[in-house]
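Undergrad: This is what each chain is made of:
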Amino acid sequence: MKFAILIQDGPYNHQASDSAYNFIQAVLKKGHEIIGVFFYNDGVINGTKLMDPPTDDRHIGKKWSALGSTGIDLVICIAAAKRRGITDEVLIPNARISGLGQLVEMAVKADRLVTFGS
Amino acid sequence: MEDEIIQKKMMFIMRRAPHGSIYSYEGLEVVLITAAYDQDISMTFIDDGVFALKKDQNTDGIGIKGFMKTYFALDDYDVQKLYVSEESLSDRGLKRDDLIDINIQIMSQKEITNIMNEQDVLFPF
Numbered sequence: 001m002k003f004a005i006l007i008q009d010g011p012y013n014h015q016a017s018d019s020a021y022n023f024i025q026a027v028l029k030k031g032h033e034i035i036g037v038f039f040y041n042d043g044v045i046n047g048t049k050l051m052d053p054p055t056d057d058r059h060i061g062k063k064w065s066a067l068g069s070t071g072i073d074l075v076i077c078i079a080a081a082k083r084r085g086i087t088d089e090v091l092i093p094n095a096r097i098s099g100l101g102q103l104v105e106m107a108v109k110a111d112r113l114v115t116f117g118s
Numbered sequence: 001m002e003d004e005i006i007q008k009k010m011m012f013i014m015r016r017a018p019h020g021s022i023y024s025y026e027g028l029e030v031v032l033i034t035a036a037y038d039q040d041i042s043m044t045f046i047d048d049g050v051f052a053l054k055k056d057q058n059t060d061g062i063g064i065k066g067f068m069k070t071y072f073a074l075d076d077y078d079v080q081k082l083y084v085s086e087e088s089l090s091d092r093g094l095k096r097d098d099l100i101d102i103n104i105q106i107m108s109q110k111e112i113t114n115i116m117n118e119q120d121v122l123f124p125f
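Those protein sequences? They're chains A and B, same order as listed.
For the first sequence, counting from 1, position 59 maps to 59 in my numbering; every step adds exactly one.
For the second sequence, counting from 1, position 4 maps to 4 in my numbering; every step adds exactly one.
Distance condition first, Cα-Cα at most 25 Å in a straight line; then the derived DSS-like pairs of lysine-lysine: (1) B:Lys8 <-> A:Lys2; (2) B:Lys9 <-> A:Lys109; (3) A:Lys2 <-> B:Lys9; (4) B:Lys65 <-> A:Lys82; (5) A:Lys30 <-> A:Lys109.
According to the in silico footprint, chain B covers these stretches of chain A (three or more CB under 8 Å from chain B): (6) 98-106; (7) 109-118.
Pair ranges (Cβ atoms, derived): (8) B:Phe72 <-> A:Ser98: 23 to 33 Å; (9) B:Glu87 <-> A:Asn22: 26 to 36 Å; (10) B:Ala35 <-> A:Glu33: 19 to 29 Å.
The set of hints was computed from the structure by calculation and includes no laboratory data.
Note that the Cβ used here is the ideal one computed from N, Cα and C, for glycine as well.
Please take these sequences and the hints and turn them into a complete structure.
TA: Listed below in structure tokens is the structure:
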């Protein structure tokens, strides 16, 4: 099955991002496909490489970036990103900033769109 | 060869108040973009989401840009299926006359649930 993922909340503040990441791992383990992850609302804050959590905690930005390095398309919404100061200069590697049309295309192509938010 | 156009039933669930968080506003932005993709779009207003349709909103006092006018433009975007929960309205003491004059359908939660079950994609905001 083809899944698309929508993340609506930022890292650390809310569990949405962690849950989405764990869900994606489970989906892949079961042999399904992730056609894309779209970050919207405060979810775009997952895409900044400037985050610097305590070293004994998980680094959410690096986890997403590592996932992106496996070829999974990580798309940060440009409109939401501009509001929140997320630009190409601070973007984690292996993610890209693009428009809301990407979310619509993911929703059209996927068998399931699964949303993680508060 | 041209790609076949896939049309899906996509419902936007507006469940939060229009102000106090950005979800309602940014949700509406997704509706407008999706309208350009020839999808079968509907919007549902439940819980505090019904306040988005309250008439005579004035955001001057909270210093943020209001977006209520956008609801009047939805028809131009061919977004014409607007479902409003009867129970959510009455729970908040709202009547049809308290809402803006656009084409909406007030229906029971049960009817909304049935329409929700027919959808291919749900976008909660």
